[in-house]
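2 protein chains.
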Amino acid sequence: MQCRVISIGNELLIGDTVNTNASWLADLLTEAGIDVTHIYTIGDDLDTMKEILSEALSSTDLIITTGGLGPTHDDITKRAVTEIFDCELVLEDSVLEFIKKVFKKRNIPFSKSNYHQAEVPDCCEVLFNTQGTAPGMWFDRGSVKLAVLPGVPHEMKHLMNEKVMAKVKAINGDTEFRRSYYITTAGIGESTLSDEVIGRLDNILPEGVSVAYLPSPQGTKIRISAYGSSNKEIDERIDLVRNHIKRKAETYIIGEGKDLNLAKAVGELLAERDLSLSVAESCTGGYLANAITDIPGSSRYMMGGLIAYANKVKENQLGVLPDDLNGHGAVSKPVALQMAKGVANNFGADIGVSTTGIAGPGGGTEEKPVGTVWIGFWSRDEHFALKARFTNDRLINKERSAAVALEIVRRSILGIAEMPYGLKKYPA
Amino acid sequence: MQCRVISIGNELLIGDTVNTNASWLADLLTEAGIDVTHIYTIGDDLDTMKEILSEALSSTDLIITTGGLGPTHDDITKRAVTEIFDCELVLEDSVLEFIKKVFKKRNIPFSKSNYHQAEVPDCCEVLFNTQGTAPGMWFDRGSVKLAVLPGVPHEMKHLMNEKVMAKVKAINGDTEFRRSYYITTAGIGESTLSDEVIGRLDNILPEGVSVAYLPSPQGTKIRISAYGSSNKEIDERIDLVRNHIKRKAETYIIGEGKDLNLAKAVGELLAERDLSLSVAESCTGGYLANAITDIPGSSRYMMGGLIAYANKVKENQLGVLPDDLNGHGAVSKPVALQMAKGVANNFGADIGVSTTGIAGPGGGTEEKPVGTVWIGFWSRDEHFALKARFTNDRLINKERSAAVALEIVRRSILGIAEMPYGLKKYPA
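Those sequence lines, one after another, are chains H and V.
For the first sequence, this note's numbering assigns the number 1 to the initial residue and increments by one for each residue that follows.
For the second sequence, this note's numbering assigns the number 1 to the initial residue and increments by one for each residue that follows.
Note that these hints are calculated values from the structure, not bench results.
Heads up, some of the hints might be wrong.
For chains that are exact copies, the list does not tell them apart, and a pair is met inside one copy or across any two.
Unchecked claim - Here are the computed lysine-lysine pairs in the DSS-like style, where the Cα-Cα straight-line distance is at most 27 Å:
1. Lys167 x Lys258
2. Lys105 x Lys368
3. Lys167 x Lys312
4. Lys248 x Lys50
5. Lys105 x Lys424
6. Lys105 x Lys387
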């Protein structure tokens, strides 16, 4: 089954709004085994809408439109549809009552012009929108189906999930659908992972199974996708390559699942082992603590952190020795070591990690250029620091330092001797 | 001048990647006074590309394509163009030499298949890409111009800024362009701002000047846009409404400029007044410190912070009284007050702010539902706390609490008695 998506809205054409609706739809439809071939983004222009929609109606199996369902002159979608299908607008009572209630609740007066919002083409099936005032509409034109949805993201998603996908799946029949499995890795570069650690896969990839590497500053996700008519069938298809990857990349795999990230994986490990964590941050400035505490339930293992931005705070709050600060500078091995140990001891935590570096854009020297970061680790078993060299972008440096810090914690708990990116351990 | 954008890439049609290239282009082109009428997103399919491109070539003035310029079979853009324009691919020496150098630097062997990357249609002007290996191309087809660019965002942006915009502006001539001015507000809801504080503008808005309200969890930006053939002309057109808005919304305005945010505005104020800041965070878990330290130069005024996630850390590190923790709970006025004072005194800062609340999704009770947050403020002049009630989304709660905390700092320094969202001050 093929599909075209039409996103309507001037705000999309002037760069005010990024078209996240379209990617969300593309992802949902692809997972359902539907082939999205075109995404059009157009303005609130009736003629353009009629042109694009007419062409699509004779070229594909399914069309999803979002937007253009406003209460004012922007309301081009209903008009375009009415004109193309040569049908009439009729007042839909249930929608009218609902809109009146919404207006009343929000204390907005309901005027005559608002009646238009409750009018729908008589050739459609109304998809009642409980999240907003513009109803969705479904048109069955025989060989092609059309779903007309509001542009507000949560309203659109609600209607797709609650109403449209059931219809689409009913038409698509006992077809194959696509499922993707994600394996998340950390502390290794994408090309090293794909070329050296995992290597060539074409000799073990069955028909219809694909593997993609999705890099990010946090690490690389490996996505294994396959088509099948049941989860069981898909599982069987990907089994060989999934196990192969898990065996080869074992050291670097932090877990499975699309939404897994380092903070979540490390959090689960700490909770499992009943270990507590505290962080002492200088250059990451709160990024690391924030990433950890974004995870619900993190209060179970996260004692807290100290953002020791000023040097005297490193001394007074973490016990870093003034002689080391003066002699070696804040961005140094002894300071990283003392910060990690100091925060763990002060907070009564099992593990302490620290970051001290030059986030940039300023502050670099020839000896310590921007992107130089020392990361310290303390536990009852180990006390060491690593020296990393990132980039010249402040925000990327924060993100990457935090990722390395979390990956050090993970590997240390699991007893993996190799450190992220093969960085050397400098013991205390 | 009208323009159509064509974004090419399978990853865009399966929802892997959000089409940020298109919005970036739309914004840049709109500011230059160019009317973007269509954005197409298609896959790496030669026939679709030829169909869309052929249609566009006879319907508009300018076409920008991004993507489809890979080193492999994905390279449909060059093929489509060559076939439509009936021209030949020729090896471009300067590009070949550059690519060889890039490969050598990255230690990748240069093979015969890589020669294809240096081939370009003989009917184009090469737009040399210093950021990557795929050159951009400019086609002057008389009434319509075509720019073919790589899909990698920073490479595309570099070519647009360095090469394409100059050509476009030369063609567009002494035309009007659009300029937008941004005024950022905080601590007031969008509808209150537009309806009650600023009020109706249609009686003072000249022809061609528009005002838009752009809300976010941090606050609302007001965008004033106008067309003109010079900055001076645009300034004159918007002068009346800009001054009107600044006068009416003075209390809530944190500054001007598209990229201004609270952390930046408050940072500038602290630096200006030679004041230092420290933060004590519980429910925001590092979000606030991270927002502050994202700003380059923040070490000038930011002493640091304490993420006191565990209650015993609130006691040991901030001096919060056990009796208050036990008697009132962590999410309470006395605890917020003590956290703010404790962190300021410990870090030797002029100002301390604190957050303690229930970020969610769990942890709420009937008395203190999820989204209940106390925010404390301490300075030598004032010591008080505010009680806010946000939502049930953990990440939104973090963001909004941090925004209110920063806005409290701004208003307190400036001596504005009214607190964000009209929240009540509970003095110590």
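Worksheet item: Which hint numbers doesn't this structure obey?
Response: Going through the list in order, the structure violates hints 3 and 4 and respects the others.
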